[in-house]
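J.: Letter by letter, the chains look like this.
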Amino acid sequence: MDVSVVFPSKNRERYVRKAICTAFKARHVREVIIVDGGSTDNTVEVALKENAKVIIQSNLVYPGKGVAMRDGAYLSSGDIIVFADIDIANLTPQFIEKLYMPIMMGEAEFVKGCFGRAAGRVTELVAKPLLRMFYPELARFKQPLSGEIAGLKKVFYQVEFENGWGVDIGLLIDLYKMGVRIVEVDLGFKEHEMKPLHALTDMAYQVAEAILKRAVRDRKIDEAWAKRYISAISEIDLGGAGYA
Amino acid sequence: MRSVVIGGGHLAYFAVTTLREIDPKGRIIVIEFTFEKVEMLKKTFPYAEAVLSSIDKVEEYITENRSLIDVLVSATDSDALNLRYAKHSIKNEIPIVVAILNNPLNEPIFVKENIRYVINPYKTIISKVKEIVDKFRVNIIYEFSRINAGIYAFKIENAEILRKVRGLILKNDLPFFIVSSADNRIRAGSVGDIQIGDVVCISCLDKDIRSFLERIREGGS
Chain A
1 MDVSVVFPSK NRERYVRKAI CTAFKARHVR EVIIVDGGST DNTVEVALKE NAKVIIQSNL
61 VYPGKGVAMR DGAYLSSGDI IVFADIDIAN LTPQFIEKLY MPIMMGEAEF VKGCFGRAAG
121 RVTELVAKPL LRMFYPELAR FKQPLSGEIA GLKKVFYQVE FENGWGVDIG LLIDLYKMGV
181 RIVEVDLGFK EHEMKPLHAL TDMAYQVAEA ILKRAVRDRK IDEAWAKRYI SAISEIDLGG
241 AGYA
Chain B
1 MRSVVIGGGH LAYFAVTTLR EIDPKGRIIV IEFTFEKVEM LKKTFPYAEA VLSSIDKVEE
61 YITENRSLID VLVSATDSDA LNLRYAKHSI KNEIPIVVAI LNNPLNEPIF VKENIRYVIN
121 PYKTIISKVK EIVDKFRVNI IYEFSRINAG IYAFKIENAE ILRKVRGLIL KNDLPFFIVS
181 SADNRIRAGS VGDIQIGDVV CISCLDKDIR SFLERIREGG S
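Protein sequences, first through last, are from chains A and B. Numbering-wise, the first sequence is residues 1 to 244 according to our numbering. Numbering-wise, the second sequence is residues 1 to 221 according to our numbering.
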């Protein structure tokens, strides 16, 4: 089985070359795809030079991590797709291989990566409490929002991708509901840039929205209440940069 | 004419209605990926055939029907898919392959992949804003994306602009034609035939027209 590696990116010129070269060194990797969010630096040029497939994500409005992932999946030709953050300072070929190996071995159809550090703030304060409430069977995942994932392409083509930050949790819930075999693998230590707290506001809202939408769909929650809740949290002002 | 339009959104809507207008008796097949949209397409376009397909089956459809398809328009909401289908259609020698962009920043990527007909719906914003706001009235009539050149139209508002446009044509020996203000008819001729009120269409490199416009805005000659 061939593997396609997809890196969503925006203004990541200093990481892109290393990420592409590292991914190509992993066994079975036949292509690397950079889905760019409209970089103003040379991310796209560097990626093209390194023989990556390049597309700029189809949405004009950002953030659009989900759109980037969807476009990457659509452009891929491999049987297995690996998604990873481009700014992982200690990215190695083994890191990528660990993600797709359970699929190669026939042990899973979807793999969620986790790391040897505490889960992020949105994970602990938003995703995990909501998952325990509505999808307790998924509470066993250490890092349900991890962006390091791998899956069979045919599996990704059966689900809708959320546009923004809700994409990872949305995929996890939807693939679980479809009966896809999911495993979580420990990828070791991940060294990358942490976002400041104020930058997490949108992410927290989109993650909550993605879970609540599915809870309504799966009749686990009253629709009118969920709509009121989603609308209320979207109006919360955390004070912008003052929270950094 | 047998046309295939991929996608069921608003980009596809304009493509289908235009193809119908061009050839009312032609056969139009619209390929969509969701059942709900296919049902809606059947009602919106009763004259077209709406087909439900999965993302990966479209390429098979194109290959199987390659000898029957005259025009293929890829108008999904994903530029990644549009690129994929356009490339596959060109490889299968479909005579006319059109890709409609969602994000204008992707245009150079499509051009690099030898997709000849790329529609950038945002491009008209530039020419329209110029038409409305710019007193020098340069409109882009046609663009040759590969060589960054085009056919540009100037409205000759006054004697000063007339003099400068004549100078530009003579200096660079540019091909041009005139749309007459009197009867809206196109005529060829020498620069001496250009009159105030006419529209002059000039074919030249994009950089030449931009530097010319900057000069006249700054009051130079």
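I should point out that these hints are in silico values taken from the structure, not numbers from a laboratory. Source: prediction; values computed, not measured. Quick reminder that beta carbons are idealized off the backbone N, C-alpha and C, glycines included. Treat the hints loosely; a few may be bogus.
Stated by the list, open to error - Derived CB-CB ranges, DEER-like:
hint : chain 1 : residue 1 : chain 2 : residue 2 : range
1    : A       : PRO196    : B       : THR17     : 44 to 54 Å
2    : A       : ASN90     : B       : LYS112    : 44 to 54 Å
3    : B       : ASN148    : A       : LEU60     : 43 to 53 Å
4    : A       : ALA89     : B       : GLU49     : 31 to 41 Å
5    : B       : ARG116    : A       : GLN158    : 28 to 38 Å
6    : A       : ASP218    : B       : THR44     : 45 to 55 Å
7    : B       : LYS91     : A       : LYS154    : 44 to 54 Å
8    : A       : GLN158    : B       : ILE90     : 44 to 54 Å
9    : A       : ARG140    : B       : MET1      : 32 to 42 Å
10   : B       : GLY189    : A       : GLU13     : 19 to 29 Å
11   : A       : GLY179    : B       : GLU39     : 49 to 59 Å
12   : A       : LEU60     : B       : GLU39     : 25 to 35 Å
13   : A       : CYS21     : B       : PRO175    : 47 to 57 Å
14   : A       : SER77     : B       : ILE196    : 54 to 64 Å
J.: Each hint: holds or not?
T.: Here's how the hints hold up against the structure:
1. At about 48 Å, the beta-carbon gap between PRO196(A) and THR17(B) stays in the expected band of 44 to 54 Å.
2. A hinted range of 44 to 54 Å for the beta carbons of ASN90(A) and LYS112(B) is inconsistent with their spacing of about 33 Å.
3. The given range of 43 to 53 Å is broken by ASN148(B) and LEU60(A), whose C-beta atoms sit roughly 23 Å from each other.
4. The hint said 31 to 41 Å for the Cβ distance between ALA89(A) and GLU49(B), and at roughly 53 Å that hint is violated.
5. Between ARG116(B) and GLN158(A) the beta carbons are some 34 Å apart, a value that agrees with the proposed interval 28 to 38 Å.
6. Checking the proposed 45 to 55 Å range against ASP218(A) and THR44(B) shows it is violated: the Cβ atoms sit about 31 Å from each other.
7. Look at LYS91(B) against LYS154(A): about 23 Å separates their beta carbons, and that is not inside 44 to 54 Å.
8. At about 28 Å, the beta-carbon gap between GLN158(A) and ILE90(B) misses the expected band of 44 to 54 Å.
9. Separation of ARG140(A) from MET1(B) is about 57 Å and departs from the stated range, judged on CB atoms against 32 to 42 Å.
10. At roughly 52 Å, the beta carbons of GLY189(B) and GLU13(A) sit outside the given window of 19 to 29 Å.
11. The hint said 49 to 59 Å for the Cβ distance between GLY179(A) and GLU39(B), and at roughly 27 Å that hint is violated.
12. In this structure the supplied range 25 to 35 Å holds for LEU60(A) paired with GLU39(B), their Cβ-Cβ distance being about 28 Å.
13. One distance hint, 47 to 57 Å for the beta-carbon pair CYS21(A) and PRO175(B), holds here, with the actual separation near 48 Å.
14. Range check, SER77(A) to ILE196(B): about 59 Å between beta-carbon atoms, so the 54 to 64 Å window is met.
Checked against the numbered hints above, the structure violates hints 2, 3, 4, 6, 7, 8, 9, 10, 11; every other hint is satisfied.
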